[in-house]
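Turn these sequences into a full structure, and let the hints guide you.
Respectively, the protein sequence lines represent chains A and B.
Just so you know, we're using full-length UniProt numbering here: the first sequence kicks off at 1 and counts up by one.
Just so you know, we're using full-length UniProt numbering here: the second sequence kicks off at 1 and counts up by one.
Do not rely on the hints blindly, as some may be mistaken.
Identical chains blur together in the list; that is why a pair holds if it fits in one copy or across any two.
[To be verified] Listed below are the simulated EDC-like cross-link pairs for lysine to aspartate or glutamate, each with C-alpha atoms no more than 16 Å apart in a straight line:
1. K189 <-> E246
2. K364 <-> D408
3. K207 <-> E281
4. K64 <-> E167
5. K345 <-> E246
Since the hints were made in silico from the structure, they are not lab data.
Number of protein chains: 2
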Amino acid sequence: MNQAINQYLHENKENHLKELFEFLAIPSISALPDYSGEVKRAADWTADALRRIGMENVEVYPTKGHPVVYGEWLKAEGKPTVMIYGHYDVQPVDPLELWETPPFEANIRDEKIFARGASDDKGQTFMHIKAIEAILQTTGTLPVNFKFCIEGEEEIGSPNLPAFVEENKELLASDVIVISDTSLLDKGKPAICYGLRGLCGIQIDVKGAVSDLHSGLYGGAVQNPIHALVVIVNSFHNEDGVITVEGFYDDVEAITEDEKKAFAALPTTDEQLLEQLGLKELHGEQGFTTLERLYVRPTLEVNGIYGGFQGEGIKTVIPKEASAKITCRLVPNQNPDVIADLLQKHVQERVPAGVEVNVSLFDKGHPYVTPFNHPAIQAAGRAYEKVYNVPTAYTRGGGSIPIVAAFDQILGLPVVLMGFGLPTENFHAPNEHFHIENFDKGMETLCYYWFELEKSL
Amino acid sequence: MNQAINQYLHENKENHLKELFEFLAIPSISALPDYSGEVKRAADWTADALRRIGMENVEVYPTKGHPVVYGEWLKAEGKPTVMIYGHYDVQPVDPLELWETPPFEANIRDEKIFARGASDDKGQTFMHIKAIEAILQTTGTLPVNFKFCIEGEEEIGSPNLPAFVEENKELLASDVIVISDTSLLDKGKPAICYGLRGLCGIQIDVKGAVSDLHSGLYGGAVQNPIHALVVIVNSFHNEDGVITVEGFYDDVEAITEDEKKAFAALPTTDEQLLEQLGLKELHGEQGFTTLERLYVRPTLEVNGIYGGFQGEGIKTVIPKEASAKITCRLVPNQNPDVIADLLQKHVQERVPAGVEVNVSLFDKGHPYVTPFNHPAIQAAGRAYEKVYNVPTAYTRGGGSIPIVAAFDQILGLPVVLMGFGLPTENFHAPNEHFHIENFDKGMETLCYYWFELEKSL
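So, in structure tokens, the structure goes:
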């Protein structure tokens with residue numbers, strides 16, 4: 001890679017920050033209808049930024065919600081095509097009083113950019129734009145082809161993006177998708193998350209008598225919906241933390257020895273986690289380490305339970321109903337539809353006497369994994385290592401980024417999650433910020449990556 | 001009994017109703033501080049009513065809360081002394097818009113008196129006053145001695161009455177306590193409830209991490225407080241509905257063959273209960289009938305459970321805490337203090353890994369029973385039978401009336417619960433009412449009772 005590219009980035013840093021601050025000044029809060037004009041303004045700003053660096057066929061595509069910004073540069077004939085996904089929308093800013101400086105007036109303190117969206121995801125999307133500008137300005141061309149797909153609804157669950165992708169398969173056809181919307185493992189420790197868990201959820205509603213009953217007048221003679229719910233909920237795990245739903249683990253891919261080694265080599269320790277969470281001990285499926293439990297094992301968690309009296313003191317009632325909300329995190333090759341069926345069957349086979357039980361389904365998401373020895377992943381790892389001078393960690397994520405699974409499902413492409421945030425940067429919270437060190441190193445890393453990718457794919 | 005007494009009641013019915021309506025017009029809502037002047041006015045009204053019929057040493061005794069009205073008539077030398085307990089306070093009236101006529105403007109429709117307090121308990125307390133007036137006016141004397149103890153805090157749990165009773169043991173010394181604050185079994189079917197269950201409750205608070213956690217990022221690696229709570233709650237019963245807390249049944253009195261027969265003879269059927277509650281099947285401790293489960297077996301019911309997300313849809317959270325509220329109904333000779341200890345021990349021995357569990361105690365109440373072959377109970381049964389012309393049912397109550405247990409504990413006296421309401425009369429609800437048939441027959445029954453009691457005790 002040309003040394004001149006780094007120099008270009010260095011010399012233009014002030015201008016780049018100034019331009020980024022303009023982007024950060026637009027309150028593009030996708031969740032709040034009052035801000036839809038601002039969201040549109042951020043889309044237009046993004047499109048202009050793409051046009052300014054030389055992207056072609058730049059367009060703001062309307063959807064049923066907020067628009068998708070598209071732009072491309074396809075002049076690297078015979079070379080791979082990279083689709084860069086990002087988002088120009090941001091989270092709400094409440095509670096505003098906890099911000100040390102206004103969320104939409106970006107502000108540098110202590111070598112960090114403070115603003116809503118600084119890290120998630122305007123900052124990281126902007127880095128992609130400026131890294132490509134640096135290569136183009138310095139070398140006059142690019143080592144690979146690019147397609148930008150920058151949406152405005154990520155913070156509200158990307159309700160319209162899957163349909164947009166489905167309808168524009170040809171427009172978006174590429175060899176690899178690169179997303180910078182995640183974090184390094186820790187300061188100075190690059191990481192590539194190459195797998196995310198899927199999601200599948202149910203709500204269990206247990207109904208008893210027509211109304212709440214006096215526990216003195218009826219207690220002992222009727223089934224208490226809370227007791228019935230507890231019997232059902234308690235049946236999902238055994239004492240070893242193993243999920244006891246029949247067939248639940250049937251399609252789970254076994255963890256490979258390579259992955260076991262890679263996870264064991266990660267610097268994250270149980271002690272760190274205990275301290276961070278204020279716990280005395282961890283708990284999970286027997287026979288697996290904490291990271292294995294988080295990365296490659298499926299889970300079943302009750303996210304909410306409720307029934308009867310919740311106020312101060314006591315009310316001697318047998319409630320007429322009780323409910324629980326449950327979600328499973330799924331791993332390859334579990335199918336959310338199959339798991340949803342197994343969960344429903346499990347519950348229906350365990351309905352206690354004297355109550356009626358209804359099970360309803362929530363949205364589902366497929367698990368995603370790009371094999372960590374995929375050339376696009378390995379090239380990204382080498383790019384990180386050139387800039388950060390330490391080995392890249394290969395992790396999997398416990399959470400779900402539905403759009404990643406959607407890209408995987410619809411386009412069938414490898415996805416590289418190459419993030420530059422830090423876990424401590426208050427995404428979604430007051431005083432969101434982004435470390436300038438990673439703004440600089442990140443753009444350098446991206447530039448290296450495109451040249452590595454040219455050689456790898 | 002003198003026929004003239006009945007005639008007196010008949011001839012004065014209009015006046016009695018008019019007087020009762022005056023009593024019912026006072027909004028003596030003990031729960032609402034704004035009404036404390038009205039509560040006091042009801043106390044004074046009660047005291048005046050006692051004076052008017054010839055009670056002596058009538059006094060309105062102040063307490064830390066609302067006052068207690070006392071009055072006595074002790075001229076039946078060598079005869080037993082009856083303490084009549086009742087209350088002049090009433091429940092709040094919300095929601096007011098559901099009342100067909102204003103709650104404090106008593107109104108007769110369909111041979112029922114509609115007003116807050118009509119049945120619970122101004123109407124029934126007033127019947128005692130007028131029954132005694134009838135005997136005194138007709139015969140010039142009374143067959144037994146009387147002490148009235150009419151309080152103003154029953155609807156808020158009688159917080160100050162136990163102390164008043166404790167401090168006035170001599171003043172209140174009697175041979176039997178008679179309370180009319182319950183119901184007939186059904187229209188035309190008199191019943192005496194000779195036992196009530198006690199109460200003992202705990203709250204279980206399970207605490208996990210310092211904050212709610214993202215179920216994707218941490219799910220599988222930490223104990224979920226809801227899971228831990230469910231494990232504990234599920235441990236209280238076995239599949240046969242038997243409570244599995246060690247020692248829980250140790251002091252429970254065995255049911256006698258006489259009682260078994262008496263309960264089996266009651267007209268209440270499981271089918272009625274199923275229809276009333278909108279249930280397809282009942283559920284309870286194996287080996288006992290429904291009435292045995294309600295009257296003489298202890299229970300453990302979860303009255304409330306809560307933790308995590310309760311809104312529409314889904315939130316993938318592992319909550320930092322979850323709680324359950326539990327109460328036990330106790331039967332003779334279970335001691336609420338002993339049971340509370342057993343419950344705490346049961347929970348502490350079952351704390352799952354990775355969480356902290358706190359158990360706190362609620363107010364406790366002793367169970368109460370007056371043997372159903374006690375002469376005061378049997379005399380009451382005969383009095384009912386003379387007026388209602390059907391056999392009296394001997395029942396026990398599943399609920400707890402704390403003041404009954406307190407009288408039992410402090411004064412060591414038999415308590416006769418001789419009610420004239422009907423289970424359908426909307427106590428504590430809009431459109432509370434009282435059947436005039438039972439107003440008439442009830443006073444007649446009481447008059448018979450006092451003459452029966454003279455012969456029995």
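Against the structure, the hints come out as follows:
no. : hint          : result
1   : K189 <-> E246 : neither (40 Å within a copy, 54 Å between copies)
2   : K364 <-> D408 : within (15 Å within a copy, 60 Å between copies)
3   : K207 <-> E281 : between (36 Å within a copy, 13 Å between copies)
4   : K64 <-> E167  : within (13 Å within a copy, 75 Å between copies)
5   : K345 <-> E246 : within (9 Å within a copy, 34 Å between copies)
Comparing the model with each numbered hint stated earlier shows that hint 1 is the single one that does not hold.
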